[in-house]
Amino acid sequence: MRRILPRILLGTICVLIALWLVAPTLVVVPMSFAEQKSLVFPPSGFSLQWYENFFTNKQWYGSLIVSLKVALIVALLATVLGTLAAIGIERAKGRSAGILRAILITPIIIPGVVMAIGIYAVYLDTRLVGTLTGYVLAHTMLALPFVVIAVGASLSVFDARLETAAASLGASRLSAFFTVTLPLILPGILSGMLFAFVTSFDEVIVSLFITSPQATTLPVRIFASITRDSDPTVAAVGSLTFLATTIIIGAGLLVGTRRGRSK
Amino acid sequence: MSNSNTKPDGAARLGWAGVRRHPLLLVLPALVLLILIMAVPLITIIARSFIDPVPGLGNYSWFFSHKLNLIVLWRTFVISFWVTISCVLVAYPYAFAMSVAGPRLRLILVLCVLVPFWVSGVVRTLAWVIILQDTGVINQFVIWLGFDKLSLIRTQLGVTIGMTQVLLPFMVMPLFAVMRGIDLRLIEAAKSLGSHPVKAFFQVYLPLSLPGVFAGATIVFILALGFYITPLLLGGPSSTMLSTLVQQQVMSLLNWGRGGAMGVILLVATFGFLALASPFMRRKYDISGGSK
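Protein sequences, first through last, are from chains A and B.
For reference, each letter of the first sequence is one residue, going 1 to 263 in full-length UniProt numbering.
For reference, each letter of the second sequence is one residue, going 1 to 292 in full-length UniProt numbering.
If you are wondering where the hints come from, they were derived from the structure by calculation, not from laboratory data.
You may find that some hints are simply not true.
[To be verified] Using C-beta positions, here's what the derived DEER-type ranges look like:
id, chain 1, residue 1, chain 2, residue 2, range
1, B, Gly146, A, Gly11, 26 to 32 angstroms
2, B, Gly146, A, Leu254, 43 to 49 angstroms
3, B, Lys67, A, Ala160, 55 to 61 angstroms
4, B, Gln140, A, Asp159, 56 to 62 angstroms
5, B, Pro237, A, Ala160, 53 to 59 angstroms
6, B, Val88, A, Gln59, 38 to 44 angstroms
7, B, Val88, A, Ser212, 48 to 54 angstroms
8, B, His196, A, Arg91, 48 to 54 angstroms
9, B, Leu114, A, Arg91, 44 to 50 angstroms
10, A, Ala102, B, Gly56, 28 to 34 angstroms
11, B, Val110, A, Thr131, 36 to 42 angstroms
[Stated by the list, open to error] Anything over 12 angstroms on all C-beta distances counts as not near chain B; from chain A, calculated:
id, residue
12, Phe46
13, Tyr51
14, Glu52
15, Asn57
16, Lys58
17, Ala85
18, Ser154
19, Ala165
20, Ile189
21, Pro213
As the structure is a prediction and not an experimental result, all values here were calculated from the model.
We put the beta carbon where it would ideally sit given N, CA and C, even for glycine.
Turn these sequences into a full structure, and let the hints steer you where they fit.
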């Protein structure tokens, strides 16, 4: 009896916390099918007008296209730069490698608004405000730490002797890397890439400062919509991104567990 | 593959030899990006805080001589403090459950922490607006129960609730990483030696988990100091944080010097706190290294 009571208590607390974590996100879903033109809960009626509005209003779907473009380039760029850096740090070890690693992770710690006004100041001088290049450079910098951390984590459990073994069996350094090291650290690289994509797709603070009417990213568009009017199209966008990420993560989990089983 | 094996390209060979001797060359591309897009902007802001509009410490003496600024600075610390405390209180039992759960249940618990993490931050904040607003979900429930309306939105309480949910993953993950390494048999040993379970928890388990608490609390506090979107959308004039003032100075008043000075103060607070906390975080490595 004494052992069961704490368990029930812990279970109840955890269910409540899990609800508190997940439920607010789900509130957006019923709102997106509402008939009324306000964000009042509970929604009344049923309509698909807000989804229709999203896909027919150029301001909305245009910003989605900008965000997707930027996030895809950022995912590739940050993954290449971050993976190279993580490998360099892992190979070099020592004090200077530790310092470099700390430097590469600082973008996470710098307060967003400070970073934003700094980048805005530099972009004003270099005419990068509201350009794809501007978004890509800023987001890649912000995404870099996540790739370095993810790839670094899989490199730290990677046995470097495997590469030496491949080299001793006659493989060149390059082919040893591509046939031995790369496949083994691939999960780390892929999760870093996913993180980089999400970081860019989700980034709002820096984007808010460097945005322009010609090229607005989706989060900036959502932010503007929330502060200006209570347009339920926002709820439709939120539900769509929620659905998309759920599918991506679900697929990732399925692949992951299948891999785990086949081992 | 076999081609590169037998006939390595001269230039590539030279490059690889250089990289092999100086592996840190691989860090160079990333470093160049950080210098251009992180270091140069930060230096620009720091410089402007000292020279814009006139050289000197004018912007800083302005900041510290105006009461409103000091109130907001203090409030930024207070809100971050409460967010950190509530993150610890919520994350501790949750991370403990994760560390003792079976693999399937653990996966569900991890997913529940990460789901909010994977949904656009702005949309998540919008969800909190819908829930907390005067005609929101919570207030409808409260009124249905027969109580008076609660003011949640545009208050510090609302901001704290929203920020805690956003920052919780940063607390749960380091806690879980430390807790899964703690040997639960230690508690059994303490109990078998006659210790009361509650006492065994406070004397054995809690001290062992403290490095995780410190690591998570440091990250949460630092990130909370710089929060911008959540306080802006959930807060009101009584819950403005420093980031909002920075934005107002630069974007609305075009006063780069004052905005820059506030930014520098925010930076100093962030790195100062990190420097203060890092000795406590370092203990983590000692313990986990020793137990392995």
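Structure-based check of each hint:
1. Taken as a hint, the range 26 to 32 angstroms holds for the pair Gly146/B and Gly11/A, whose Cβ atoms sit roughly 30 angstroms apart.
2. Restraint check, Gly146/B to Leu254/A: a C-beta distance of roughly 48 angstroms satisfies the suggested window 43 to 49 angstroms.
3. At roughly 59 angstroms, the beta-carbon separation of Lys67/B and Ala160/A lies within the given 55 to 61 angstroms, and the hint holds.
4. Distance hint for Gln140/B and Asp159/A: a CB-CB separation of about 58 angstroms, consistent with the stated range 56 to 62 angstroms.
5. Checked against the hint of 53 to 59 angstroms, the C-beta distance between Pro237/B and Ala160/A comes to roughly 57 angstroms, which is consistent with it.
6. The supplied range of 38 to 44 angstroms is met by Val88/B and Gln59/A, whose beta-carbon atoms lie about 42 angstroms from each other.
7. As the Cβ distance of Val88/B to Ser212/A is approximately 42 angstroms, the hint placing it in 48 to 54 angstroms is violated.
8. Remark: the range hint 48 to 54 angstroms for His196/B to Arg91/A is upheld by a beta-carbon distance near 52 angstroms.
9. Checked against the given bound of 44 to 50 angstroms, the beta carbons of Leu114/B and Arg91/A, roughly 31 angstroms apart, lie outside it.
10. The hint said 28 to 34 angstroms for the Cβ distance between Ala102/A and Gly56/B, and at roughly 33 angstroms that hint holds.
11. Between Val110/B and Thr131/A the C-beta distance comes to about 38 angstroms, which sits within the given range of 36 to 42 angstroms.
12. With a cut of 12 angstroms on Cβ distances, Phe46/A stays outside the contact zone with chain B, its closest approach being about 18 angstroms.
13. Tyr51/A, annotated as away from the interface, keeps every beta carbon of chain B farther than 12 angstroms; the closest lies near 15 angstroms.
14. The beta carbon of Glu52/A is kept farther than 12 angstroms from every beta carbon of chain B, the shortest such distance being approximately 19 angstroms.
15. At roughly 18 angstroms from the closest C-beta of chain B, the C-beta of Asn57/A stays outside 12 angstroms, upholding its exclusion from the interface.
16. No Cβ of chain B approaches the Cβ of Lys58/A within 12 angstroms, the least distance being about 20 angstroms, so the stated non-interface status holds.
17. With 12 angstroms as the threshold on Cβ separation, the claim that Ala85/A sits away from chain B is violated: the shortest Cβ distance comes to roughly 4 angstroms.
18. Separation of Ser154/A from chain B is adequate, the least Cβ-Cβ distance of about 16 angstroms exceeding the 12 angstroms criterion.
19. The beta carbon of Ala165/A sits about 16 angstroms from the closest Cβ of chain B, which is more than 12 angstroms, so the claim that it is off the interface holds.
20. No beta-carbon of chain B comes within 12 angstroms of the beta-carbon of Ile189/A; the shortest separation is about 14 angstroms.
21. The Cβ of Pro213/A lies farther than 12 angstroms from every Cβ of chain B, with a closest approach of about 16 angstroms, so its non-interface assignment holds.
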